[in-house]
Structures are given as C-alpha cells and as structure tokens.
Amino acid sequence: MLKKAGLIILLLIIFGVMIVFTYLNTGAVDLNLAFVSIKPSISIAFTVTLALGWLFGVASMGIFALRMANERRMLRRALRISESEVSSLRSLPLSDAN
2 MLKKAGLIIL LLIIFGVMIV FTYLNTGAVD LNLAFVSIKP SISIAFTVTL ALGWLFGVAS
62 MGIFALRMAN ERRMLRRALR ISESEVSSLR SLPLSDAN
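Residue numbers are given in this note's numbering: position 53 of the sequence shown equals residue 54, and the series is strictly consecutive.
Quick caveat, the hints were computed from the structure, so don't treat them as lab data.
Where a beta carbon is used, it is the ideal one built from N, C-alpha and C, also for glycine.
Each statement offered as a hint is correct.
Cβ-Cβ distance ranges computed for the label pairs, FRET-style: (1) Phe57 <-> Met19: 18 to 28 Å; (2) Asn71 <-> Arg91: 28 to 38 Å; (3) Ser42 <-> Leu80: 50 to 60 Å; (4) Ile14 <-> Phe36: 35 to 45 Å; (5) Leu13 <-> Ala60: 23 to 33 Å; (6) Ala6 <-> Glu86: 47 to 57 Å; (7) Ala60 <-> Thr23: 21 to 31 Å; (8) Ala60 <-> Ser92: 45 to 55 Å.
Just need the whole structure built from these sequences, with the hints factored in.
Listed below in structure tokens is the structure:
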C-alpha cells in the first residue's frame, strides 16, 4: 500500500514538474534530422527525447533479462543432468570393498 502511494506521489511530482517546464519554456527549437527539418516546442522535443531514451533503456534491459533467463535455463539443465548422474553413481554397488 505504501509503495503504491509513493509511486503515485512520484508520478504526480513528475507531472507537476513537466507542467511547470512546459509553461516556462514556450519557445521552439530547430531540429535538423538529415532529410527533414522540424521546429517543435522545447517541451515536446524534451518529452520525445525522454520517451525515446526510456524505450531504449527498456529494450536494453529486456535483452539483458532474456540472456539471463537463457543462461539460467541452461544451468538448470546442466544441474539436472549432474544430479541424475550422481544419483545413478550412488546406486551402483561398490566393487572394490572387501
């Protein structure tokens, strides 16, 4: 419950800062994207940049998580094989005991 409330408060603070930033920065900026030139407001340019950076971070983390899941799956398979080998070796009778 407290975690949800903290998240809601954080989102409200971010939203408030975004509104103040938009109100204080009404100017436009020229963006030359090689083949096309656009002139968005500063707040739109920052918002799009933030969103693209966030998406890149999520994609990078997703790739990392997939690699970790694959490694975990391979390690579990190797552990199962090792455990079955150990249990089969334990069930063998001792041949050199006198």
